[in-house]
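Peer 1: Next come the chains, spelled out residue by residue.
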Amino acid sequence: MIGGLFIYNHKGEVLISRVYRDDIGNRRNAVDAFRVNVIHARQQVRSPVTNIARTSFFHVKRSNIWLAAVTKQNVNAAMVFEFLYKMCDVMTSYFGKISEENIKNNFVLIYELLDEILDFGYPQNSETGALKTFITQQGIKSQTKEEQSQITSQVTGQIGWRREGIKYRRNELFLDVLESVNLLMSPQGQVLSAHVSGRVVMKSYLSGMPECKFGMNDKIVIEKQGKGTTDESAKSGKQSIAIDDCTFHQCVRLSKFESERSISFIPPDGEYELMRYRTTKDIILPFRVIPLVREVGRTKLEVKVVIKSNFKPSLLAQKIEVRIPTPLNTSGVQVICMKGKAKYKASENAIVWKIKRMAGMKESQISAEIELLPTNDKKKWARPPISMNFEVPFAPSGLKVRYLKVFEPKLNYSDHDVIKWVRYIGRSGIYETRC
Amino acid sequence: MSLLSPICGNHKFAYSTGRNMQDTEEEELRGSRIYLCKVGCESEGEISTPDGKSKEAEIKRINKELANIRSKFKGDKALDGYSKKKYICKLLFIFLLGHDIDFGHMEAVNLLSSNKYTEKQIGYLFISILVNSNSELMRLINNALRNDLASRNPTFMGLALHCIANVGSREMAEVFAGEIPKIIVAGDTMDSAKQSAALCLLRLYRTSPDLVPMGEWTSRVVHLLNDQHLGVVTAATSLITILAQKNPEEFKTAVSLAISRLSRIVSSAPADLQDYTYYFVPAPWLSVKLLRLLQCYPRPEDPAIRGRLTECLETILNKAQEPPKSKKVQHSNVKNAVLFEAISLIVHHDSEPNLLVRACYQLGQFLQHRETNLRYLALESMWLLACSEFSQEAVKMHIETVINALKTERDVSVRQRAVDLLYGMCDRSNAQQIVAEMLNYLENADYSIREEIVLKVAILSERYAVDYTWYVDTILNLIRIAGDYVGEEVWYRVIQIIINRDDVQGYAAKTVFEALQAPACHENLVKVGGYILGEFGNLVAGDPRSSPLVQFNLLHSKFHLCSVPTRALLLSTYIKFVNLFPEIKSTIQIVLHSDSQLRNSDVELQQRAVEYLRLSDIASTDILAIVLEEMPPFPKRKSSILNKLKKKGSSTLTDLEEIKKEPNADVNGNAEPTSGYTVISPSSSTNLLSFGSTHLMNPAPTYLSAGGLLADVFSNVGPGVISQFASAEDSFVRFVCKNNGIIFENQLVQIGLKSEFRQNLGRMYLFYGNKTSSKFIGFTTAVIYPGNLLAQLNVQTKPVDPTVEGGTQIQQVLNIECITDFVEVPILSIQFRYDGVLQNISVKLPLSVNKFFQPTDMSSEEFFRRWKQLNSPHQEVQQIFKAKYPMDSEMTKTKLLGFGLALLDGIDPNVSNFVGTGIILTKTIHVGCLLRLEPNTQAQLYRLTLRTSKEAVSKRLCELLSEQF
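These protein sequence lines map, in sequence, to chains A and B.
Letter by letter, the first sequence follows residues 614 to 1048 of our numbering.
Letter by letter, the second sequence follows residues 57 to 1021 of our numbering.
Take these hints with a grain of salt, some might be off.
Cut-off 20 Å, straight-line C-alpha distance, at most; resulting in silico cross-link-like pairs (EDC-like, lysine to aspartate or glutamate) [as the list claims (entries may be wrong)]:
no.	chain 1	residue 1	chain 2	residue 2
1	B	K120	A	E961
2	B	K120	A	E984
3	B	K794	B	D944
4	B	K924	B	D964
5	B	K924	B	D913
6	A	K958	B	E114
7	A	K993	B	D156
Since the hints were derived computationally from the structure, they do not count as laboratory data.
Computed from a predicted model, the values in this text were never measured in an experiment.
With the hints as constraints, model all of the structure from the sequences given.
Peer 2: So, in structure tokens, the structure goes:
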């Protein structure tokens, strides 16, 4: 039960303040407490949950904007954060980037949204598509009786996320598998920790109230189906993946997933996130980073970094960036690289090496000479890890979409008439190699 | 920074330095704007990002800038002075923004050897801010400083001196403390350098006084007071004032010089000291400093000098009367600053009634001034005046104004001063009025000062109480109005006074009873009420309205609303009631028997309930009467409230107390201990009524005197207390013949003893050593006198610290006076909490009558004459006993000498026999003593014969001595 919600700008000024419950006491005190203890704290506050005077503050930060939910009760923190993220999504879909200016321009809208999606501190329907039908920026159109009753039945009905009577001339479906791969590797190439967190995002433009069914190479499903023929299961088992945990959009019928492991749903209209998942086993690491650091005396450091791409040669990785941290007493850097561009960025204390494109099964290297200024500080350089950014056109977890079927019994279009698009994007999360 | 003060007060100096700089660095200054821009921003944008950009942006910018500076410093081509200065300046700026800087020190040191003022300045600035004293660069820096000090250029000297003073570390003092005095007294030093040097030395002296050598320069420094340059005089005065506080003798000559300087300033026309006249007041800072210097010394003896000083002070007072020459606030500020300093000098001398009264009159005018600060200062100074006997009366004239200030003043700190002043001016004549006003004010006083006012009211009402009923009323009122702020000391004190004074006991019981009838009363009142009724409830029991049962019910109605300590106290009150009013014994037993008491979760309460219930069940009325006897009067002691007030650090009350202490004003002065036992608890009275298991009874003595009877009653003493009675007789025996050693030791504590005796007086040093690693708290000691010992022996204990840290020891001094001969042994009872458990230790103090022996030498005729004189049968005691130790004549000799006797040779025909004489010196009587000890080596027996003029002494000595061989 969220007691109140505040939105601050980077200076700690309150832009939006909405209190749902009296228990947080004096609004000003709560507002000030967060500003003083978190936003203006002398040390950067890293915990997203802060307890001040028996009041809990949950915050998320979007660029320069702080969203803070306040409560005095012992609430489910995951629920609060889920709500805050949802709130961010809703705001983004209404007015684009969350910035001070945008918030100031949409005061009325935001308050209206807050009234709708949070009731006495309990989160309500926060589906953008549904909200957009009755909270608009265009002002109030006088709606007909039928329309009003339709909205009412939709909001209060079983399928709150989709209204009836949608019609498209072309029934289209877009499906994106977005993954981010996280890695920490020892200098010797040993994987210390690795996981992939992925999302399945859909955009659907379908008429009527279609029933969809989504299938992927989940290990359990494959094994269940492959029970009959053993060699088939062995063959397909190679490609199946083990999902550690997953969450679904509210439209997915959980009971069906529980009993049959099949994902069936009536999709909302427009864009939404169908599921989120996480895997830790058999991850395809798209790149391997091999660092070599040599200290030459007290005033010189030689760094050599090799990167190897580790995927099919036909695929192309994009936006590759390697970031090599430099010591704090660096006084000069010379860089030589075979491919791409490398530059010493003093403001970030790092050498940044960028490569636009790189095919699979290739390798590239950079070598740098770093000159150091002798200091009277006895502290040794801590050698932070080398980090990397990239984008690859496959799913590092190995996830594959097996099918996506659409049934609409009432209208006369079948699964074959729907145009479906599938795309895989693998991005780097925190992809680090110690040196 | 003290270095800046003379420059602020002295435009000329600041201006001239500025001009100097302008001459040499004209170029630099022209470009200074551009330069500042360059420091702030290298190529793009400023370092400190304007509002709106985030902290991250600032860090990025700074990282970039630092990398740039590093590459410049690293660069192969040498940097010129200008850019070096620029980068060092940037580093400083970044450091001041709050980022770490770990390079550039070497470059900064290089700047020191530059010949340009600005470059040197930046170098010194960097070093005084960023270089710590154990850096390896220190040697280079010291060299540079030395070069600059030796240079003839006053600005360079000034920079070096500033740097030394700003760093001001011990290391700096070690290197330069010897050199700077030379600069001050050298004839050819420029004025500005002299001035800086004096202030620099002042700073070094403040940080490490031991390193600044006193020497022949001191006499020459004094003569700086005659210097032409007023800036130098000001700086020198500051230095001399501090030095004179430590070594008044060396700087005595400064007094006459200061007075003549002061009189010249005071009598000068504003035009005379052109640069040093500040808003029509001539050299105000110097005047203030001179007046302060004079306060280090007593009034000058020489009448001519004295006359001159009086003249000066009069002139200052006269000037205060003159209409202001300017409406500007600065004018009145400096004028008043001089005036207030003059008044404190007058108060310091405290000898000219005329001046004192005039000062008082002047302050009286300020009391109603518009300016809050002035009112504050007036009250503060007047408080000083109130302490002087000459002006005391004059101060009292303003009592109405002060009381008014208390009521109407808006500023709380001024009200606080008013309270202080009222406290200061209080005496017997106006005590009632002042206390009443303070009580009035207390009701709506500021929370921060309530406790202090409570203490003050408590002290004043005690000190000036003529009528003790008034005192009791006042304190009860105090508890009613501000119960929360009444500390324990206050109500302890009330009880002490009531117990010590028979005449108010009845009244107190009555008043307390009435006060308790209020529906809601403060817990402190319940405590006082419980104690008083427990002791003197019988005095009001005659009245049917306050019959025993009514009293009990009244107290018990408050019981459940009180905290644990108060409940414990009330339980003790109940058991006292059992003794006082046998008729309600059954009612009380029912209460004690209830589960809420007997099974209370608090150990202390439970234990009390169990013990008291058993006590009331088992003990006969006689024993009850002994155990629950009325508390004996408290020993005379200094009011602990005063200590508390001092501890609160309320202004400078301490010295006032010494002045105002009137003999016999202390209530306790009249109360002499009369009862058989006196419990001396030396460590203030925080544990006066300590809630030990039986605090309302006379604790240990009862155990001893009625010990046999009570032993079984208390055989199930609760787990909270660990008692240890060191009955080890031998520890006492060991000390009959020696004075130093360890008298007690267990796993927690070790008690060592050192003692010395002369005539009838003695002094014991007790060392309590904490053998554990955690500390003892509530450490108290008391001496207990079994039997009739109190009348025979007087032991005064000095208080000890209530906490003993682990692994340390504390010392306690006991002063002993032997009034007459005695047999019993005093017992030292020690109580403390270790690890939350109360520990009781009782040790026999090795104090026997033989300690007061005076050995006397006499001839054999005289010995035999006296021996024959003491021939009556009761005067002689003879005992034959078996030897416990090997019979060694040397050993015996040392023991007898240690016992206090003089050994006489050649009197007894048998050489192996011992003959000794001595006189026991007590306050009332002297007892001569003759001894003969005959060892029989074959039979391993001794025969001891003692003849003394007093039978009891003979017996006791014989007892003591027979244990020794």
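Peer 1: Does each hint hold? Answer for all of them.
Peer 2: Evaluated hints:
no. : hint            : in the structure
1   : K120/B - E961/A : 8 Å, holds
2   : K120/B - E984/A : 16 Å, holds
3   : K794/B - D944/B : 18 Å, holds
4   : K924/B - D964/B : 15 Å, holds
5   : K924/B - D913/B : 17 Å, holds
6   : K958/A - E114/B : 15 Å, holds
7   : K993/A - D156/B : 15 Å, holds
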